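Q: Please model the complete structure; the sequences and the hints are all you need to start from.
Protein chains: 2
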Amino acid sequence: ENFIHLCNPHLEKMKEDILYHFALGTGTHDFPALFGDVKFVCVGGSPSRMKAFITYIAEELGLGSPGCDYPNICAGTDRYAMYKVGPVLSVSHGMGIPSISIMLHELIKLLYHAKCSNITIIRIGTSGGIGLEPGSVVITRQSVDATFKPQFEQVILGKTVIRSTNLDEQLAKELMQCSKEINQFNTVIGNTMCTLDFYEGQGRLDGAICLYNEEEKLQYLKEAYDSGVRNIEMESSVFAAMCNLSGVKAAVVCVTLLNRLEGDQISSSHDVLVEYQQRPQKLVGYFIKKSLGKV
Amino acid sequence: ENFIHLCNPHLEKMKEDILYHFALGTGTHDFPALFGDVKFVCVGGSPSRMKAFITYIAEELGLGSPGCDYPNICAGTDRYAMYKVGPVLSVSHGMGIPSISIMLHELIKLLYHAKCSNITIIRIGTSGGIGLEPGSVVITRQSVDATFKPQFEQVILGKTVIRSTNLDEQLAKELMQCSKEINQFNTVIGNTMCTLDFYEGQGRLDGAICLYNEEEKLQYLKEAYDSGVRNIEMESSVFAAMCNLSGVKAAVVCVTLLNRLEGDQISSSHDVLVEYQQRPQKLVGYFIKKSLGKV
Chain A
1 ENFIHLCNPH LEKMKEDILY HFALGTGTHD FPALFGDVKF VCVGGSPSRM KAFITYIAEE
61 LGLGSPGCDY PNICAGTDRY AMYKVGPVLS VSHGMGIPSI SIMLHELIKL LYHAKCSNIT
121 IIRIGTSGGI GLEPGSVVIT RQSVDATFKP QFEQVILGKT VIRSTNLDEQ LAKELMQCSK
181 EINQFNTVIG NTMCTLDFYE GQGRLDGAIC LYNEEEKLQY LKEAYDSGVR NIEMESSVFA
241 AMCNLSGVKA AVVCVTLLNR LEGDQISSSH DVLVEYQQRP QKLVGYFIKK SLGKV
Chain B
1 ENFIHLCNPH LEKMKEDILY HFALGTGTHD FPALFGDVKF VCVGGSPSRM KAFITYIAEE
61 LGLGSPGCDY PNICAGTDRY AMYKVGPVLS VSHGMGIPSI SIMLHELIKL LYHAKCSNIT
121 IIRIGTSGGI GLEPGSVVIT RQSVDATFKP QFEQVILGKT VIRSTNLDEQ LAKELMQCSK
181 EINQFNTVIG NTMCTLDFYE GQGRLDGAIC LYNEEEKLQY LKEAYDSGVR NIEMESSVFA
241 AMCNLSGVKA AVVCVTLLNR LEGDQISSSH DVLVEYQQRP QKLVGYFIKK SLGKV
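Protein sequence lines, in the order shown, are assigned to chains A and B. Note that the UniProt record's numbering has the first sequence beginning at 1, numbered continuously upward. Note that the UniProt record's numbering has the second sequence beginning at 1, numbered continuously upward.
Warning: the hint list may mix true and false statements.
Because identical chains cannot be distinguished in the list, a pair is counted as satisfied if it fits within a single copy or across any two copies.
[Claimed, not checked] For lysine to aspartate or glutamate, the following EDC-like pairs were computed, each having C-alpha atoms within a straight-line distance of at most 16 Å:
| no. | residue 1 | residue 2 |
| --- | --- | --- |
| 1 | K13 | E214 |
| 2 | K159 | D145 |
| 3 | K159 | E223 |
| 4 | K289 | E181 |
| 5 | K51 | D78 |
| 6 | K13 | D206 |
Think of the hints as simulated: they come from the structure by calculation, not from any bench. As the structure is a prediction and not an experimental result, all values here were calculated from the model.
A: Here it is as C-alpha cells:
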C-alpha cells in the first residue's frame, strides 16, 4: 500500500486541521468516511469543467444516472469546487502556480487525513501549443520553467529552494497507450513549459504590456520548441514538485487551444473550444475505466 | 483627463481584441457604451464577495433597488466574474499573482478600449496580519516581496525584469482619512508582503510540506514586522506594478483574518470572517461615496 507521504512533522501535533480554502475540517468532517475510497484525483483550472468531468466519468463508470446533479463538496467557499463519484475526485484549482499550490496543500492533507492509498493525480487542463495542430493533446514528459529547466523555484521564508518537477514516466506511457486505443485526436508526449504569466511570460504580443517585438517572441518560442517544449501552461511545475514530495503518482494532460507559432489570441469558436476541452477528459476517463478493468 | 497608458504598440494593429478570460471582445461588444462611464474599479479574489460588493455599493450610491440581482458581465466564462453599477466596476481575480495578472492585462485593455479616464483601482482583499488584532484593516504603503524589497520580478521571455511596486501615496492617505471618519474598525497604513505561496511562502507550519520549525517561522515574521510589514497576501505586487506602468491610480485595502504571530489556521467562525470581509468594502464604499460628493 502506497500511502501519502506527509512532509510536515507539525501536523501530527494539531488537534484539528481546518482546510480553509475547501471549507472542510477534521473537526467537522469525517475524512476517512467521505474520501477513504478515492483512488483517482483529477484537477483542472475551471470549476465548471471539473463538474462536467465528474458527470462524464460517472456515466463512463456506470455510477451515474442521466441528469443526476453532483453536489459541490466545497459549497461553503467559492475558492475551489470539488466533486466525487465512486473512486474519482474532481477538484478545480484556478489559474497559476499559487492558486494550484494552495489547493494541493489542502488536497494532500485531505487524502492523508482520509488514509487514502495508491492515489493517482492527473491534471487535465488547457494550454498553448508550440508547433502542434490546435486541439492536439500533450502528455507532459517534464515540466520546465521559463528557461527550459526541469525545476521549480519555491520561496521558503524568503529563500529560494529548487525542487524537481519529475513526473511518473510509466503513467505517461500508459496514458499515451490509452490515446492510441481511443484514436480520436492527435496526442504527443512532450515537455510542458510552466510560466508565472499568460501574456509577457509566454511571449504574447496582445497583453496590456509588451516591450518586445514579434521576432524576439518567435525566437523564444522556437528555442522552447528546440528544447523539447510542446505546450505552455501555468500550473504543472508546482503540481509535479508537490506530488513528487508527497509520493503520489502524477501526470499532466493538456489540450492545446492554439498554435503559438501562428498567433496569440484564442479565437476559435466556443463550440470548437468546448470540444477541445473534452479531449483530456476523454483520455483520462478511458484511462480510469481501463485501470478499473471496465474496458 | 488621465487616460489609460497602454504599454503595447502591437495592439493598435489588431482589428479585434478578444479578452479570452472575460469572454468579451471588441468585435462582439461595444466597450465604450458598456464601460465608458467607469471611474472606480474594485477587485478582489472571491467572485461572491465581488458580487456582494456591487450590491452594497449600489445601495450606498442610491443606484440599486432592494433585492435587485446584478448580472455577471463575464457570464460566458467561469474564470472571473464582473459586475457594474453606475461608475463602479467590481471584478474578481482569483488567488495569486498569475491569476490577478491575467485579469489585469484584460481589465486594462478593457478600460483602454472603452476610452475610460481618471480611473482609480482598489484591491479589496483578505490577508494574514502581523502584530495586529484580527479584523484590522491594512492600507498598503508599499508592496514588498518575500525579502521585504518593494519590487516585483516579472519574467519576460525567460529573463527576469524588476518592476516598481509603488502605490499612490495621496490615495492611501485619503483612504486612511475615510477610515477615521467612519470609525468602525482599526485601520493602519503599512507595508504588505506579497508571496507566491500561502503555506511555505508565508512561513505556515500547517501545510502539506513544512521543512522548518516554529522558531525559524517566528524569526522570519518578526523580521518582516521590523521592516514595516503589517500583512501578507498574494496579489499586491503585480497589481501595483501593472497599475504603475498603465498610469492608473491604485490602492490595496485588505482586512487581516488572523494574527500570524499567534497562529496559522484561520479558525474564526464563519460569521466573524464574513463581517471582517465587509470592512474593506465599507471603507472603499465610503471613499467612493465621498469622491462622488454623496457624503
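Q: Now look at each hint and say whether the structure bears it out.
A: A quick look at each hint next to the structure:
In this homomeric assembly, K13 and E214 come within 16 Å of each other (Cα to Cα) only across copies, at 13 Å, whereas the closest approach inside a single copy is 55 Å. For the homomeric pair K159 and D145, the shortest alpha-carbon distance between copies (11 Å) is at most 16 Å, but the shortest distance inside one copy (18 Å) is not. For the identical chains of this complex, K159 and E223 are inter-copy neighbours only, at 14 Å across copies versus 29 Å inside a copy, given an alpha-carbon limit of 16 Å. Taking identical chains as interchangeable, the C-alpha atoms of K289 and E181 lie at most 16 Å apart only when both belong to the same chain, with a minimum of 13 Å there against 62 Å between chains.
In the homo-oligomer, the alpha carbons of K51 and D78 lie at most 16 Å apart both inside one protomer (14 Å) and across protomers (12 Å), since each shortest distance falls under that limit. Taking the closest pair of Cα atoms, K13 and D206 come within 16 Å of each other only across two copies (10 Å); inside a single copy the shortest separation is 50 Å, beyond that limit.
Hint compliance for this structure: no hint is broken.
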